[in-house]
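K.L.:
Kindly generate the complete structure, drawing on both the sequences and the hints.
These protein sequences, in sequence, are chains G and B. Heads up, the first sequence is in our numbering, so the first residue is 255 and it goes up one at a time. Heads up, the second sequence is in our numbering, so the first residue is 1161 and it goes up one at a time.
To be clear, the hints were calculated from the coordinates, so they are not data collected in a lab. Do not take every clue at face value.
[To be verified] Label-pair restraints from in silico Cβ distances: (1) G:D493 with B:R1222: 14 to 24 Å; (2) G:Q563 with B:R1222: 47 to 57 Å; (3) G:V338 with B:H1184: 33 to 43 Å; (4) G:V621 with B:S1192: 47 to 57 Å.
[To be verified] Among chain G residues calculated to face chain B with C-beta under 7 Å, some are: (5) G312; (6) W313; (7) N333; (8) D334.
Virtual Cβ for every residue (Gly too), placed ideally from N, Cα, C.
Listed below, chain by chain, are the residues.
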Amino acid sequence: MTQVRVLAGTRKGAFVLTSDAKRDKWSVSGPHFGGWEIYHMKGSPADPNRVYASQNTGWFGQLVQRSDDGGLTWQPVGNDFGYVGDAGTHLWYDGTQRPWEFKRIWHLEPSPADPDVVYAGGEDAALYKSADGGVTWSELTGLRLQDSAPGWQPGAGGLCLHTIILQGSRMFAAISAAGAFRSDDSGATWRPVNRGLHSEGIPDEDAEVGHCVHHVEAHPSRPDTLFMQKHWDVMRSDDGGLSWTEVSGNLPTDFGFPIAVHPHEEETIYVVPITSDSLHYPPDGQLRVWRSRSGGNEWEPLTNGLPQQDCYVNVYRDAMAMDSLDSAGLYFGTTGGQVYASADSGDSWAPIVRDLPAVLSVEVQVVP
Amino acid sequence: MTVAAGSDVRVVLPAHLRTLAGVHGEILVSVSGPLTQRTVVDAIEARFPMLGGTIRDRQTGRRRAFVRFYACEQDLSNEPPDAPLPEEVADAIRAGKEPFLVVGAMAGG
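P.N.:
Here it is, written out as structure tokens:
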């Protein structure tokens, strides 16, 4: 029987939420790794029982956990995330150069084809790869050694590599607050792909790098089309990131963190608008997912089942995901500890849980 | 001070690291050579490899900022990692009278 498994990483542990394909009754497992920050969990598309989790605290640092039974049991694997050679420096808030310093893993991206291959995005920004199920990690240095890297400056959340998109030998990565980058040789070399981005908070608003990209998604069948939620602005590219155009359209605010693409409709996308860069909660206390069926510009609010008064939560960049069932499911988690689910592409919503710790990430798997 | 080869050292780990190591209560590790912070933590990591990087930073090898080392009601954390533990502390640890405490510092939520 088909099972839907939602992986929720929170500020104080990991939770695994499971349901059948109807997605109306859920069981909750957790907390796993209670007390630890779980920045991200993600399952392997090649083996849904293989799940990776990024576990961190300020006390004891970074761990990676691996499950081979769909999150029932876990084992710690490798946590040696160094920088190759002389790591060099990057721009700091006071204008000085500061040595690269590893802090945590923000995002784990398992290979679509091999459950033992997984990529990890770090803070300070670096891209790592493991080919042995997370036991050992090696840095793909080409990104950190990219010409613009000494000028990268952390955003408020840190100099984090939070987005990894795998398209065969082509890869995309995004870093706050540096921008989006593309590799065409399996991560050996990289170039910035930020033309068309416009950010009022940086001295040169159209600079090649320095943009605070929050999240990027692509539909697997349309690899040249990318959708981006930037600090401000929702953007799209139809040429593999070489150029971007704004598609914020009629959104009430185009500040936000996550963005999702419908699994069966390449032009259907979702965002969760947040009031502003200084007010990280929804406008007017109304939690609304906005959907565009035209690839942007024309948006509709989705409210059925979501709180429409006195709601002041945020939704983080990795905290929204879609499943691949025929009636596609959409899920997101909030800083208030709710995980909401929609089994009908966003038309109606219900909470799976209401009182978890602040949710940092949400991913979903469909297990045959 | 007489240096014993292969001292058995009682170690108290913080709760999160006990969970990670899959142990309850104190652990016992065998320390070769003089008792220093480094030899004790080396012995902990040798017996429980999953604790590598959690007590000391992987890159710098230094004690993590919010980890402290105590024994015999003394804070040893700021002593050099290769300095022999004070003789009365080392004797008490070696005799099994006192444990070496790895402590998660009081900090934040």
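K.L.:
Checking hints one by one. Is G:N333 an interface residue toward chain B, by the C-beta closer than 7 Å rule?
P.N.:
holds (5 Å)
K.L.:
Hey, does the G:G312 contact hint survive, CB to chain B under 7 Å?
P.N.:
holds (6 Å)
K.L.:
Measuring from the C-beta of G:D334 to each C-beta in chain B, is the shortest one below 7 Å?
P.N.:
holds (5 Å)
K.L.:
CB of G:V621 to CB of B:S1192, is that within 47 to 57 Å?
P.N.:
Because 48 Å falls inside the window, the suggested range holds.
K.L.:
Answer holds if the nearest beta-carbon of chain B is closer than 7 Å to that of G:W313; otherwise answer violated.
P.N.:
Holds, because the Cβ-Cβ distance from G:W313 to chain B comes to roughly 4 Å (cut-off 7 Å).
K.L.:
If you check the beta carbons of G:Q563 and B:R1222, does the distance land in 47 to 57 Å?
P.N.:
holds (50 Å)
K.L.:
Please check whether G:D493 and B:R1222 have a Cβ separation lying inside 14 to 24 Å.
P.N.:
Check failed, 47 Å falls outside 14 to 24 Å.
K.L.:
Determine whether the Cβ-Cβ distance between G:V338 and B:H1184 falls within the hinted range of 33 to 43 Å.
P.N.:
holds (39 Å)
In this structure, the one hint that does not hold is number 1.
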